[in-house]
Each structure stands twice: as C-alpha cells, then as structure tokens.
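Each chain, letter by letter, is given below.
Protein chains: 2
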Amino acid sequence: MARASLREDIVNAAVEQFHMFGFTAAGVKDITDAAGAPKGSFYNHFESKEALAVIALERYGATRGLAALGDTSVPPLARLRWHFEALRDENLAYGFSRGCLIGDLATEIADHSEVVRKAVQDSMQQWCDALSGTIAEAQQAGEVTKALEADTIARFVLSAWEGALVSARSDKSAKSFEAFFTVVFGVVLR
Amino acid sequence: MARASLREDIVNAAVEQFHMFGFTAAGVKDITDAAGAPKGSFYNHFESKEALAVIALERYGATRGLAALGDTSVPPLARLRWHFEALRDENLAYGFSRGCLIGDLATEIADHSEVVRKAVQDSMQQWCDALSGTIAEAQQAGEVTKALEADTIARFVLSAWEGALVSARSDKSAKSFEAFFTVVFGVVLR
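Protein chains in written order, with full-length UniProt numbering: chain A, 1 to 190; chain B, 1 to 190.
Keep in mind that a hint or two might mislead.
Stated by the list, open to error - Derived contacts from chain B toward chain A, CB cut-off under 10 Å, selection only:
no., residue
1, L6
2, V15
3, Q125
4, D151
5, S167
Just so you know, the hints here were simulated from the structure itself, not pulled from any lab data.
All C-beta atoms, glycine included, are put in the ideal place defined by N, C-alpha and C.
In isolation and in its complexed conformation, chain A is listed as follows:
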C-alpha cells in the first residue's frame, strides 16, 4: 500500500463531507477527492458508503465530549452546562451550519439503511447514557430534583439539543440555543 494513512484520510474526509453535504449528496468520488485518494482505492478499504458512514459516526461520536461528562473533579451540573456550551460554541464557529452528524444521518438515512440506523441509535444511546449518569450524579449531589428519572431527563435534553440545532440551521441564529439554555438550566435541571 502506497500510503499507510489512506484509509484514515478517507474516514476523516467522510466525516467532513457527510457533515457538510449529507449522506446522499456526498458521493464516494467527493470523499476520495477530498482525501486526495484515487476513487478506485475506496473499495479496497470499505465495503460500501454505508459501512463508511458507520465508521464516520464512531469518529464523530468520539468528539462529542462524553469523557468530560464523567470528570468528577467538576460539579455535575457545571459539567452538563459546559458540555452543551462547548457544542453550542462549535456550532457558532460553523455559522449555524452542519447540525449534528448523528442527527443528520438519523434524519436522512435511518429510514433507508438498517446498518446506518443501528449505528445512529448506538451513538445516541451512548450519549444519552453519559448524560444520564451525570444527571444522576447531579441528583445525588442535590443539584437537580429527583422528581424525574435521570434517564427520562437525559433523553429529553438530548432531543431538545438535536432540535435546537435544526432550528438554528433554519434561521441561522442563536435564538434556539438561548431558549435551550434558559429552559434546560433554568427549569428542567433544577
């Protein structure tokens, strides 16, 4: 193999291309071009575009800051706030474009590819579990009411975040992020 990093370059290019243009609009040639790889090399490394999307989801999931949610040196409610502030700042830097790759692939492909749907479900569940763990800690610490199950709050807050990204993308403004922080940290996580 001429370049040991060719596979890696294609994966990184796929994360970018899927995130910017969507699964259908980003063709295999767009991805290999962006990676500076010959199109013919694609199928030496990946069975299909779907198989690549599954790997891209894993890579993207690893950048969602889930490890920091488990950093017990920071009070749990502050961890939750910093988590979403970091995600908001990332989206602001993209000018409200791109959304979340997990939600993007859920929307575009989950109905049409069982293998991608399953990978999206796993990514969401992993994220939900991390949030739920931190919320449960916040409940134990008396920072958040125990009136609701941590899992229910986590699932809701994650959905609300995904939806806030959809809204921000449509009006290219931070209004939905402001509403998210006001309601989630002012009312839900109390």
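Here the structure of chain A is known, so what remains is to put chain B in place on it, guided by the hints.
Below, chain B alone, put in the same frame as chain A:
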C-alpha cells in the same frame, strides 16, 4: 393543458416523496412518476425542484394543526397537549419514519439553498408564533407560570419536538415521545 389537476398532483407527490426519501434522493422523475405525470411537464409548472420544495413546505405546514391551536373553546393547555398528541399519533402511524418535513428540509437543505432555508424558517416561525400565542393564553389563564416568556417556551418546545422526532426515527421507539410529554407537560408548561 390535458389535466387541470396535473400541477396539484405533482405538489402532492412532492410532499410525499420529499417526506419519505428526502430532497436529494427524491428526483424530479420520481416525483412526476408518483404523480402519474410526464417528466417533461415538470418545468411547465415549476421553475426548479427548490421552487417545488417551497410549495411543498407550505402544503405540509397547513397540515400541522395550527388553526386548532387558536380554538378558544378548548382550554389552552389542553390545546397544546392535543396538538402534540396528534403529531405523535401521526408519527406512530408512520412507524417512526419520515420525521417532520420542515425539520427534514432544514437538516438536509438549509445550508445549501437559501430559498428553501427561508421557506423552512418561515414555516418554523409560523408554528412558533402559534405555539407562543397559546402558551401566552395558558399563562393568562394561570395554567402556566409567567416566569419565562411565552416566546422562549414556544421556541424551546418546538425544538424539543423536532428533536424527539429525530430520536424516534433513530431507535424506532416512542421513548423520546414519552420523555417529551413527561418533561414538557410535567415540568416546562407548569
């Protein structure tokens, strides 16, 4: 013109095709085939697929039940609950597929077509305004706290709904809807 209803048939087919397959995956020929119309007739009626998407969004928006949100014969909080229950039931009938066409087009196309993005923004704003009006009524009636602005709650709840559809689509379960109703009607609208 052979069929007076040809344009109408194409619009209805476009709503279905965009909702089922997405904007990029649903080609002009898929839409005209589904409408039983010759492909060549498309550009007699529509300037572009984007122009058709704008009309499809208006049609879809008219089915979101916004008029019922203004039905003052029903207490405002009950109207809000029925509104989202009807949307949930619609999605259950689709087996958790399709999502919301407005959110779908926001996710797939808002970054790439200014005309579609603007139409998505208008649809979202109209919906947000209708929700905000009903929430303000609920506040006046003492059903919902005035601690937050009705507009902020409306924007948040609409985002949370859009996100719940994304989650339901990814795990093909009603868990995110259950979390939505528990938190929105148990905690946020109080």
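Comparing the hints with the structure gives:
The criterion of a C-beta within 10 Å of any C-beta in chain A is not met by L6 (chain B), whose closest approach is roughly 28 Å, and the hint is violated. The restraint placing V15 (chain B) at the interface with chain A is violated, with a minimum CB-CB distance near 16 Å, outside the 10 Å limit. Checking Q125 (chain B) against chain A: minimum C-beta separation of about 7 Å stays under 10 Å; hint holds. Interface hint at D151 (chain B): satisfied, since its Cβ lies 8 Å from the closest Cβ of chain A, which is below the 10 Å cut-off.
The beta carbon of S167 (chain B) comes within 5 Å of a beta carbon in chain A, closer than 10 Å, and the hint placing it at the interface holds.
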